[in-house]
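Participant: One-letter residues, chain by chain:
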Amino acid sequence: MKKTVMAHGSGGTQTAALIAEVFAKHLSNPFLDKMEDAAVLPLQGPCVFSTDSFVVDPVIFPGGDIGKLAVCGTVNDLLCMGATPRWLSAGFILEEGLPFDLLEEIARSMKSAADEAGIVIAAADTKVVEGNGGLFINTSGIGTLGRRAPIRANGGQPGDAVLVSGHLGDHHACILSRRLAIENGIRSDCAILSPLLSVLRRNKINIHAMRDITRGGLATVLNELCLASGVRCRLEEDLIPTSPEVAAFCGILGLDPLYMGNEGKLLLFVPEDQAEMAVNALRRTEAGLHAVKIGNLLAEDPLLPARARVLIQTRLGGQRPVDSLSGEGLPRIC
Amino acid sequence: MTTKAILDDLREWTGPDLRIMEVCGTHTAAIMQSGLRSLLPTGITLISGPGCPVCITPAAYVDKAVELAMRPNYRLYAFGDMLKVKGTDKSLSDAKADGGHVRFVYSPLDLLGFAEKEPQFTHVFAAVGFETTAPIYGMLVKKAYEKGLPNLEILTALRTILPALELILESGDPIDAFLAPGHVSAIIGSAGYSDLAQRYQRPFSVAGFSPEHILYAIWQLAHAVRNGRHDVCNLYPGVVHQEGNLKALALLDDVFESGPSAWRGIGILPGSGLFLRNKYAAFDAGSHGLDADPPPNPACRCTDVILGRIHPTACPLFGTICTPGCAQGPCMVSAEGACGIWHRFRGE
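Residue numbers (the numbering used here), protein chains in the order written: chain C, 1 to 334; chain X, 335 to 682.
None of these hints come from the bench; they were simulated from the model. One or more hints might be untrue.
To be verified - Restricting the straight-line Cα-Cα distance to at most 30 Å, the calculated cross-link-like pairs of lysine-lysine (DSBU-like) are: (1) C:Lys293 / X:Lys338; (2) X:Lys338 / C:Lys127; (3) C:Lys2 / X:Lys451; (4) X:Lys430 / C:Lys3.
Claimed, not checked - So, partial list: chain C residues that the calculated Cβ filter (under 8 Å) puts toward chain X: (5) Ile182; (6) Leu316; (7) Pro321.
From the three backbone atoms N, C-alpha and C, an ideal C-beta is built for every residue, glycine too.
Just need the whole structure built from these sequences, with the hints factored in.
Facilitator: Now the structure itself:
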């Protein structure tokens, strides 16, 4: 089996061979094919720009792989700002001993995710470091706003409905299962969020704020958005969606789905009178099948402690605050 | 009785004022998660008890585990919670960062495979826990013995819960009733508490972990105290039998013997530790005498928290100097520790 060796990062003939055999072969497009030092982009109007690095272990998991994740992660960040994803760069750090077959599979997967998102991988780079067959990817992306204003984190208003686009914790539970060699059917929800945003736009939903639910889980992302918007939030425990399999998995391991990351789920603040329409629209998409309203935003109350910004009404009728994730979560989930 | 009827009844509670200890960290977490405290009348207070194995493991034990992890021919394994607890100087996470081989696993039995696959290393599991997890370690050692694996060991810090409860009752702290730990009870049986209940005239209730279950147990305990009863009530009969899990108890008896052991912040309690019997001594990674326990931050009040004397929030370090990201004491480190749980769900 052919594997990467240090010479593949030397910049010489082996590097050229690696590029030809893997990256040029699978990622080919008019920007990359020029093999120049930099891509020339026809930028017009305001843009958004984002970067993210991907270190997930294992690199291939049910529902995705590090390549798909590296495209989805950056694309979703651009989408959540209200932009149209346009150009992506991809930096690969390969450890020696990485099988070419695996790298090809990941490159193919990146290409397919990029095509789905309508984004062009316009720049790429490879380095090889000592190690044991590992692989890390950085992607940076540019999206254009056209005449739309960007969607900022501070747009939530008291009374807004709080929506999530589906089951919590799928990606996190999937990676943890693989890491612990626990056999189950849990798949990562790793996905491009474009279809969700298209239906929301088509239904003229006025999105006040949104973010994809990644590391730190819903609890952390919700606290961030509420803090930025200067609002509080009350959720109904009964309404928070988890799949039965992830719920059971969390029960056994003592995990809280509120703090578990996804890679294809949205948190949205929308006007209350549009909540039902938004939920129905989301449910017409594959990734939004289990979309649901989970609560509402409330006005800031200076008398309450800051950590009680997000409150949950429990099934029993009690109430508890939901803080951001504190300490470390599971490492290397994305 | 419905949950609503129980809540209504408790809302009209006229006394006496009660302090009920939930012994087990999983109960503490379920109580916090369900917001149950906010539903109880002011006269009923829930006190978190000593049921977090990580919190009561002395520093000397962590030091030994770190020392083993740093040996080039050793592989050390633990449950996730154990990695963050500091010994005198370092935690297992620190040892890992220093190049030690530390890995967290879900099942200790995985070590059987590792030991066969990598015979050049000695594979050690950091066997920390109460009666709940002890049978799994017992099974691991027994299987290693049967397979004749020379390179598998466990470093034990195994504790039994009854001596700690006795200490609490003996110390005169006013605990009126006990919510007995569901998982431990599944092994030792509900009858395990009968002696304490009789001698100290306190009711015990064995309950599962759903909020409704815990609520029912609290209601049952409150009425037991009001009516002067001090029996052991098993509300978890699907899982807990009066006599316990006989197979697990036989396994424990075969593999372990009890002896004095140190509890972090409390000291040495006679008969509260489980150690490998002579027959299995070859599988012990050096578990005896790991009692030393240099005081953490002098202001840390983990001992009082573990013994139920104070709520975590009464510690001057809580939430200021001591947070899960920068824990000063073991109660904040562990996900099952009272301070860690209170910090996660604080703000009530």
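Participant: Each of the hints needs a verdict: does it hold here or not?
Facilitator: To see whether the hints hold, each was checked on the structure:
1. C:Lys293 / X:Lys338: Measuring from Cα to Cα gives roughly 26 Å; hence the hint holds.
2. X:Lys338 / C:Lys127: Given pair Lys338 (chain X), Lys127 (chain C) is violated - Cα atoms ~63 Å apart, limit 30 Å.
3. C:Lys2 / X:Lys451: Holds, at about 26 Å.
4. X:Lys430 / C:Lys3: Within the cut-off at roughly 28 Å; holds.
5. Ile182: holds (6 Å)
6. Leu316: The hint holds - Leu316 (chain C) has a Cβ within 8 Å of chain X, the shortest such distance being about 5 Å.
7. Pro321: With Cβ-Cβ at 4 Å, under 8 Å, it holds.
Violated hint for the displayed structure: number 2, the only one.
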